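J.: From first to last, the protein sequence lines are chains A and B.
Take any residue in the first sequence, note its place counting from 1, add 916, and you have its number in this note's numbering.
Just so it is clear: in the second sequence, position 83 is 69 by this note's numbering, and no numbers are missing.
No lab work stands behind these hints: they were computed from the structure.
Keep in mind the model is a prediction, meaning the values are calculated, not measured.
Every residue, glycine too, gets a C-beta built ideally from N, C-alpha and C.
Any given hint might turn out to be false.
[Unchecked claim] Partial list, derived from the structure: chain B residues whose beta carbon lies under 10 Å from chain A: (1) TRP(-7); (2) PRO(-6); (3) SER16; (4) TYR20; (5) ALA25; (6) GLY28; (7) GLN32; (8) LEU76; (9) SER80; (10) PHE90.
[Unchecked claim] Between beta-carbon pairs, the in silico distance windows are: (11) B:LYS66 to A:HIS989: 45 to 53 Å; (12) B:THR10 to A:VAL960: 13 to 21 Å; (13) B:GLY28 to A:SER943: 15 to 23 Å; (14) A:PRO924 to B:LYS56: 42 to 50 Å; (15) A:SER958 to B:LYS14: 15 to 23 Å.
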Amino acid sequence: GQQVQQSPASLVLQEGENAELQCNFSSTATQLQWFYQSPGGSLVSLLSNPSGTKHTGRLTSTTVTKERRSSLHISSSQTTDSGTYLCAIDPYQGGRALIFGTGTTVSVSP
Amino acid sequence: AQTIHQWPVAEIKAVGSPLSLGCTIKGKSSPNLYWYWQATGGTLQQLFYSITVGQVESVVQLNLSASRPKDDQFILSTEKLLLSHSGFYLCAWSLRGSQNTLYFGAGTRLSVL
C-alpha cells in the first residue's frame, strides 16, 4: 500500500536555527501538502507543492516528483514553530484519499 | 470566507454508548468533505469522504458510519462505541479537483471509557 515516511521523527532547535524536514513516499503523488499540527491538535495547511519549489514566509518546500520525495525547510526558527509537521500525499486524482505521514515533531527553545 | 465548525469540542463516553459528531462548512457550495481520525500519538487516517449530498464512501472500517444529509453538513456516528474509538476526529473540506488544499476543522477529542 501507499506509505509516507517522514524524517527525522523529532527535532530540537535553538531559536534562530534552520531546519530541514524530509518526506518520502512510495507511490506517485498527484498532490502533496505540508501541514502544521499544533500541540492542541488542530491542523493548518502550510504549502501545497506536488512538484518544484514553493515559498511562503520562512518556509520553503521542494518536491522532486520522480524521486518521490519532498522537503520542508524552516528558516530562522521561532518558538511558535514548535509542533508537528505532517506531509500528506494524494496518490489518486481528485483528492479523495489524502494519506498522511508519521510527522516530525519540532521543538524550538528560546 | 469559508468556515468549518466541528462539534462537540470534546466528549467523554462510555463503551457501548452511541456517538454523533458533526461538521458544518459555510461559505462554499458542494465541497468535498472528509472525516479523519488520529489515535493518541498515531498517524492521521482518513475514514470517509463525500463529494455530494447523500453520497459517502468509506476508506477505513472502524465500526463507524458517516452521512451527508445536507450539502454543508457531514455527520460521523456509531450506535456502539468501542475503547478503540478514542482519539481525535477531524473534519475537512476541499474544492473538487486533484490539486486542491485540504482545510481542517478544530477537531473533536473523544475519550471512550
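J.: Are the hints correct? Go through all of them and say.
T.: Evaluated hints:
1. Taken as an interface hint, B:TRP(-7) does not check out: its beta carbon lies about 15 Å from the nearest beta carbon of chain A, beyond 10 Å.
2. Proximity of B:PRO(-6) to chain A is violated relative to the hint, the smallest CB-CB distance being about 14 Å (cut-off 10 Å).
3. Annotation: B:SER16 was flagged as interfacial toward chain A, and the flag is violated, the nearest CB pair being 13 Å apart, outside 10 Å.
4. This hint holds: B:TYR20 has a C-beta 8 Å from the nearest C-beta of chain A, less than the 10 Å allowed.
5. About 12 Å separates the beta-carbon of B:ALA25 from the nearest beta-carbon of chain A, more than 10 Å, and the hint is not met.
6. The interface hint given for B:GLY28 holds, since its Cβ lies 9 Å from the closest Cβ of chain A, which is under the 10 Å cut-off.
7. For B:GLN32, the shortest C-beta to C-beta distance to chain A is roughly 6 Å, which falls under 10 Å, so the interface hint holds.
8. Checking B:LEU76 against chain A by beta carbon gives a least distance of about 6 Å; that is within 10 Å, so the hint holds.
9. Below 10 Å, beta-carbon pairs count as interface contacts, and B:SER80 has one with chain A at about 5 Å; its hint therefore holds.
10. Taken as an interface hint, B:PHE90 checks out: its beta carbon lies about 4 Å from the nearest beta carbon of chain A, inside 10 Å.
11. Taking 45 to 53 Å as the suggested C-beta distance range, the pair B:LYS66 and A:HIS989 conforms, at roughly 47 Å.
12. Between B:THR10 and A:VAL960 the Cβ separation comes to about 19 Å, which falls inside the hinted range of 13 to 21 Å.
13. Evaluation of the 15 to 23 Å hint for B:GLY28 and A:SER943 yields a pass: the beta carbon distance comes to about 21 Å.
14. Between A:PRO924 and B:LYS56 the beta carbons are some 43 Å apart, a value that agrees with the proposed interval 42 to 50 Å.
15. At roughly 19 Å, the beta carbons of A:SER958 and B:LYS14 sit within the given window of 15 to 23 Å.
In terms of the numbered hints stated before, the structure departs from hints 1, 2, 3, 5, listed from lowest to highest.
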